[in-house]
Amino acid sequence: MKVHDFFIGAFFLIIGSGICLYASQLPVPHHVKYGPGVFPAIIGTGMILVGAAIAFKSLSVAKGGKWLERPSWLESPKAAIRFWIIPASIPFYMLVADSFGFVLTSMVIMSSMLWVRGVSPLRAIITGVAVSLVLTVLFASILKVPLPWGPLTGISGHLLW
Amino acid sequence: MVDYALILRQVLDPELLLIVFATSIYGLVIGAIPGLTALMSVALLVPLVTFMDPIPAIAAIITASSMAIFSGDIPGALLRMPGTPASAAYTDDAYGLTRRGKSATALGAGLIASVAGGLLSACVLIFAAPSLATIALSFSSVEYFWLAVLGLSCAVFVGGPSLLKGLASLLLGLMFATIGMDPVGGIPRFTFGNPDLLSGLGLIPILIGFFAVSELLRSSQHLGTEERVQVAGNQSLFRVMPGLLRRHKVGVLRGSAIGTIIGAIPGAGADIAAWISYAITRRVSKLGRLDSDEGAQERIMAASASNNASVAGAYIPATVFGIPGDAITAIVISVMFLKGISPGPTLFLRHPETIYTIFSIFFVANLVMIPMGALCIRGFGLIVRIPPAYIAPIILMFCILGGFAVENTLFSVGVIGVIGLLGYMMEANEVPFAPAVLGLILGPMIEQSFMTTMLKSQGNLMVFVERPLGAAFAVAAVLAWSVILLAKAFGRGRPDETALPPRGTISTAHPVIKETK
Numbered sequence: 001m002k003v004h005d006f007f008i009g010a011f012f013l014i015i016g017s018g019i020c021l022y023a024s025q026l027p028v029p030h031h032v033k034y035g036p037g038v039f040p041a042i043i044g045t046g047m048i049l050v051g052a053a054i055a056f057k058s059l060s061v062a063k064g065g066k067w068l069e070r071p072s073w074l075e076s077p078k079a080a081i082r083f084w085i086i087p088a089s090i091p092f093y094m095l096v097a098d099s100f101g102f103v104l105t106s107m108v109i110m111s112s113m114l115w116v117r118g119v120s121p122l123r124a125i126i127t128g129v130a131v132s133l134v135l136t137v138l139f140a141s142i143l144k145v146p147l148p149w150g151p152l153t154g155i156s157g158h159l160l161w
Numbered sequence: 001m002v003d004y005a006l007i008l009r010q011v012l013d014p015e016l017l018l019i020v021f022a023t024s025i026y027g028l029v030i031g032a033i034p035g036l037t038a039l040m041s042v043a044l045l046v047p048l049v050t051f052m053d054p055i056p057a058i059a060a061i062i063t064a065s066s067m068a069i070f071s072g073d074i075p076g077a078l079l080r081m082p083g084t085p086a087s088a089a090y091t092d093d094a095y096g097l098t099r100r101g102k103s104a105t106a107l108g109a110g111l112i113a114s115v116a117g118g119l120l121s122a123c124v125l126i127f128a129a130p131s132l133a134t135i136a137l138s139f140s141s142v143e144y145f146w147l148a149v150l151g152l153s154c155a156v157f158v159g160g161p162s163l164l165k166g167l168a169s170l171l172l173g174l175m176f177a178t179i180g181m182d183p184v185g186g187i188p189r190f191t192f193g194n195p196d197l198l199s200g201l202g203l204i205p206i207l208i209g210f211f212a213v214s215e216l217l218r219s220s221q222h223l224g225t226e227e228r229v230q231v232a233g234n235q236s237l238f239r240v241m242p243g244l245l246r247r248h249k250v251g252v253l254r255g256s257a258i259g260t261i262i263g264a265i266p267g268a269g270a271d272i273a274a275w276i277s278y279a280i281t282r283r284v285s286k287l288g289r290l291d292s293d294e295g296a297q298e299r300i301m302a303a304s305a306s307n308n309a310s311v312a313g314a315y316i317p318a319t320v321f322g323i324p325g326d327a328i329t330a331i332v333i334s335v336m337f338l339k340g341i342s343p344g345p346t347l348f349l350r351h352p353e354t355i356y357t358i359f360s361i362f363f364v365a366n367l368v369m370i371p372m373g374a375l376c377i378r379g380f381g382l383i384v385r386i387p388p389a390y391i392a393p394i395i396l397m398f399c400i401l402g403g404f405a406v407e408n409t410l411f412s413v414g415v416i417g418v419i420g421l422l423g424y425m426m427e428a429n430e431v432p433f434a435p436a437v438l439g440l441i442l443g444p445m446i447e448q449s450f451m452t453t454m455l456k457s458q459g460n461l462m463v464f465v466e467r468p469l470g471a472a473f474a475v476a477a478v479l480a481w482s483v484i485l486l487a488k489a490f491g492r493g494r495p496d497e498t499a500l501p502p503r504g505t506i507s508t509a510h511p512v513i514k515e516t517k
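These protein sequence lines are chains G and C, in that order. Position 90, counted from 1, in the first sequence is what this note's numbering calls 90; the numbers after and before it change by one each time, with no gaps. Position 415, counted from 1, in the second sequence is what this note's numbering calls 415; the numbers after and before it change by one each time, with no gaps.
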C-alpha cells in the first residue's frame, strides 16, 4: 500500500516528537551527567528533522506520488482475505494457542489459509493436519520447544519422547 | 598455538557433515523458489539452530545461505525469475543462453563461479581476519563508536534511492534498539510497564517480521505460475565447467575480490555485490563487453562469483569486530551470543579453533555445492511443481514457531506480526530495511560506547578524536558522509530502485542497483 511521501514524513515526525517527549521525562541518576534519555533524544531529534525534510520535499517537488495507491489486495474481497489472513493469524495464535494448544491452532490456521488460497477444503484440512503434526514432532519432540498442548495434554506423552 | 588436528576433527565430524548435507538441500530448495530469499532461509533456520551446538549451528547457517544464493540462479536461468535478489543482475544473460539451447552452460557457469567465489573469499577470510583481529585488540570504546558510525553510514548509502528514507529507516532501527533497559544504568525505556519489553524486542523476531512475514504479505496474491520448465539435464554440466573456469578465470577472480569487499561493508549484501560486479565487468572486461554468448558467460561468472564471495566477506567484520556485514551475519552474531561465543578480536586469541573451524566450514559448504548444486539443477522440475498456495501457510507457521522458540514467549510472536506489517508498508513506500536492521544491531554498541566514553571524559567531546586510531576512523566517517552527500548532489553512482521485471512473478525483495552505462 503506497501512500504520499508527505504521510511518510509526518509519520517519522510524529514518532520522533513522541520519542523526544518520552526521553525528556526519563530520570537522570544523581551521580552521572548523562542519563538514559540522551541517546533516545538524539534519535528523536534526528527523526523530527528527517521526517520534516521528507514531508517538505514531497510537497515542494510534487513527486511524492498519489495520496493513496490502491494496493492489489483491494481488488476483490477474496484478495483482501488472502492478504489479511496472514496478519490476522498471528493475534489469533496468541489468543488461542495457550487454551487450545499448538496442534489444534496450527491446524485451523493452516487449513483456513490453504482454503482461502484456492485449495479444496478436503485437501486443505488433510494438509493442515499433516503439516501441524510434522511441525509438532519436529519442534516439540525433537527440539524440545515447550509448545502448549491445550486439550491434547493427555496424549502429549505419546508424541514427546 | 592453533590445534589444526582439532579443527580437522571438528570439520570432519560426521554429525556436522550430516547437518551440512541436510541444510544444503534446504538452502538449495529455498533459494530455487522465487520469492524466498537466502536471508529468509536463514531466519527460518533460527528456531532449529538454537537447539544445536555452536559449530553445527553456524555451519547450518553458512551452508544454507551459500546454497540459497547459488540456487537463485536456477529459476533465473530457466524461467527468467531470479530465485533470490542476488541473482537478478544476470538473469537476462542466463535466460538468453537458455533460449539459445545452452542452459547447461548458463547453469554450469553459475555453479562453478559460485563455488570458486565462495572458496576464494574463504581464503581471504582465513588470512585477513586474524591480522585485523590483532589490530582490533587495541581498540577502545572510541574506536568501536566510530566503527559503528561508519557501518551505519554505509548502510544508509547502500540502502536505496532516497537518502532521507534510508536515514529515517536507520533512526527507526536505532529507536527499536533503545527499547528495554538502558545499557549503562539499567533504567527501563519505552517499556510502558510491560515486562516482556524489558529485554528489548529481540533481533530474531524483528528479522523474521521484516524478511519473512512482510514478504508473505507482499506475495499474498501470487498463487501459481503457468510456466513450463525446460529442465536442464546435467549430462554436459560437468563437462562444460572446467573449460568455463579456465576461460573466465580473470572475471571470476575480479568478481570474487569485489564480492569479498562488498560483503565486508556493513549493509551491502550479495545482491549489491552481484550488481556492482556485473556493471564493472560490462565496462572494463574485454570479454564482458561482448554481446555474444562468451560475453554473457563472463558477466554471469563474474557476478555469480561475486554474490557467493560476499557471503564469506560479511564474516570478516562480524567475527573481527562483532559488526555484521549483512543481515545474515547479524543472525550469526546473535546465534553466537546465544551459544556463549562472543564475536570480537578476543575470540581469535581465546578460541582460535572455534573460529578457524567456522571459517573451514566455508570450504566444506562450497565443495559440497558442486554435486548438490548439480543435483538441484536436475531436480528443479520437482521444486517448481510445489504449488505456491502451499508454501506460504507453511512459512507462516515456521515464522510463528521461530518467534516463539527463540524466546519462548507469545509476545515475540506478536512482534513478528507487527514488524511484518510495518515492513510491508516500508517496502511499499520505498523505505529500505537494511539501515533499520543495521541500526537495530549496532544501536546498543553505539550507545554503550558513546555513553561510556562521555562518562569517562565527563562530557569532553574531544576524546572522540584524541587517539590516533579514533581520529583516523572519525576522518573516514566524515569522508564517507562527504562522498554520500557529493554523490547525492551530483546524482551519480546512487543506487536506483529499478528491479528487473520478471514476468508475472513475485518481485525480488530488495532494492537493486541499476546498471549505469
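The hints are simulated quantities; they were obtained by calculation from the structure and are not laboratory data. Be aware that one or more of the hints could be misleading.
[To be verified] Distance condition first, Cα-Cα at most 27 angstroms in a straight line; then the derived DSS-like pairs of lysine-lysine:
1. C:Lys488 <-> G:Lys2
2. C:Lys249 <-> C:Lys286
3. C:Lys286 <-> G:Lys57
4. G:Lys144 <-> C:Lys339
5. G:Lys66 <-> C:Lys488
6. C:Lys456 <-> G:Lys33
7. G:Lys2 <-> G:Lys66
8. G:Lys78 <-> G:Lys66
9. G:Lys2 <-> G:Lys57
10. G:Lys33 <-> G:Lys144
[As the list claims (entries may be wrong)] Listed next, the stretches of chain G that the computed footprint assigns to chain C, with coverage defined by at least 3 CB atoms under 8 angstroms from CB atoms of chain C:
11. 8-21
12. 86-94
13. 112-119
14. 139-151
For glycine and all other residues, C-beta sits at the position ideal for the given N, C-alpha and C.
Tested hints:
Only pairs whose Cα atoms come within 27 angstroms are accepted, and Lys488 of chain C paired with Lys2 of chain G is accepted, the gap being roughly 24 angstroms. Of the supplied pair hints, the one linking Lys249 of chain C and Lys286 of chain C holds, its CA atoms being roughly 13 angstroms apart against a limit of 27 angstroms. Simply put, Lys286 of chain C and Lys57 of chain G have alpha-carbon atoms about 43 angstroms apart, too far for the 27 angstroms limit, and the pair is violated. Restraint check for Lys144 of chain G and Lys339 of chain C: the C-alpha separation of about 17 angstroms stays at or below 27 angstroms, so the hint holds.
Of the pairs offered as hints, the one joining Lys66 of chain G and Lys488 of chain C holds, with about 24 angstroms between alpha carbons and a cut-off of 27 angstroms not exceeded. Annotation: proposed proximity of Lys456 of chain C to Lys33 of chain G holds, straight-line Cα distance about 11 angstroms (limit 27 angstroms). Among the hinted pairs, Lys2 of chain G with Lys66 of chain G is consistent with the structure: their alpha-carbon atoms are about 8 angstroms apart, no more than 27 angstroms. For the given pair, Lys78 of chain G sits about 25 angstroms from Lys66 of chain G by alpha-carbon distance, which is consistent with the 27 angstroms threshold.
This hinted pair checks out: Lys2 of chain G and Lys57 of chain G have alpha carbons roughly 17 angstroms apart, not beyond 27 angstroms. Distance hint between Lys33 of chain G and Lys144 of chain G is unfulfilled; the C-alpha atoms sit about 47 angstroms from each other, more than 27 angstroms. For the segment 8-21 of chain G, the proposed coverage by chain C is satisfied: 5 residues have a C-beta within less than 8 angstroms of a C-beta in that chain, meeting the threshold of three. Judged by the Cβ-Cβ criterion of 8 angstroms, the segment 86-94 of chain G is covered by chain C as claimed, because 7 of its residues qualify and three suffice.
Check result for the segment 112-119 of chain G against chain C: holds, 5 residues qualifying (beta carbon to beta carbon below 8 angstroms, three or more required). Counting residues of the segment 139-151 of chain G whose beta carbon lies closer than 8 angstroms to any beta carbon of chain C gives 6, which reaches the threshold of three, so the coverage claim holds.
Hint compliance for this structure: hints 3 and 10 are not met, and every other hint is.
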